[in-house]
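Participant: Here are the chains, one letter per residue:
There are 2 protein chains.
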Amino acid sequence: MKKEFRSGCPISSTLDIVGDKWSLLIIRDMLVKHKKTFKEISDSDEKIAPSILSARLKLLESYKLIYKTKVPVNKKENIYLLTEKGIRLTPIIIEFSLWGNTNMREFNEIDAIEGLNADKTLIIQTVQDNYNSMLLNFR
Amino acid sequence: MKKEFRSGCPISSTLDIVGDKWSLLIIRDMLVKHKKTFKEISDSDEKIAPSILSARLKLLESYKLIYKTKVPVNKKENIYLLTEKGIRLTPIIIEFSLWGNTNMREFNEIDAIEGLNADKTLIIQTVQDNYNSMLLNFR
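Protein chains in written order, with our numbering: chain S, 21 to 159; chain P, 21 to 159.
Errors might be hidden in some of the hints.
The list makes no distinction among identical chains, and a pair is therefore deemed to hold if it is satisfied within one copy or across any two copies.
[What the hints assert, rightly or not] In silico lysine-lysine, DSS-like type, Cα no more than 27 Å apart, as pairs:
{"no.": "1", "residue 1": "95", "residue 2": "53"}
{"no.": "2", "residue 1": "84", "residue 2": "56"}
{"no.": "3", "residue 1": "59", "residue 2": "84"}
I should point out that these hints are in silico values taken from the structure, not numbers from a laboratory.
Let the hints inform the model, and build the full structure from the sequences given.
Facilitator: See the structure below:
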């Protein structure tokens, strides 16, 4: 699963593991929408193919951004949760959201996202706090 | 050159145009390293192939993140400069850098980057100010 890194640049190294068109959408689904199962993530508007989703989940797991576990009520189904390291991607996700909201309207019809006009630091904190609160159900 | 967008999500829409492993590295080269010519960008440590670089520059130009111009002293060579919209990607670039610097050291030897411990808002402002000052030479 491990990749060669293109250089020692921290930007490049980060892109080496989440710099494709799907990984950050999977992180978004988990972090913002609190999706946890393969099926929930598959059902997103962007329609990620199951084979790609499966490969990306394995990659994200190998770099310790997410981990796989089970809930006591359903021992058959895996759920995926973000690690601390994964949750720390929140500022990147929020910056993508803010940039797209401001700069992509001339090219695409962009959904109105509630709360995106708030202070950036507060948005990031709220998203992280909400995710951590949800995690308490699985500990 | 135009792509189909996967959804109206601002994160997804942004990833549709810069969510590949090369586009943000090209933006980094221009924004942080003040690279301007095809050759300068080709010479980066990550060794982007000329065919990919050429395609990505065209894509970034079509979405108005960069523009192509010439310097008076050399009418033969194109230079590429970031637009306002492109310069607004600075927070994304800085967040990638900060995240990689903190979280990738267990997987790759990460270069020490001077100034990365400063206040985030100040880093972003400094990078943008430096780029805008450089741009004055081309107006």
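Participant: Confirm or reject each hint.
Facilitator: Each hint, compared with the structure:
1. 95 with 53: within (23 Å within a copy, 52 Å between copies)
2. 84 with 56: Only inside one copy: residue 84 and residue 56 sit 16 Å apart there, 36 Å across copies, limit 27 Å.
3. 59 with 84: For residue 59 and residue 84, the Cα distance is within 27 Å only inside one copy (21 Å; across copies 37 Å).
Comparing the model with each earlier hint shows no violations; every hint is respected.
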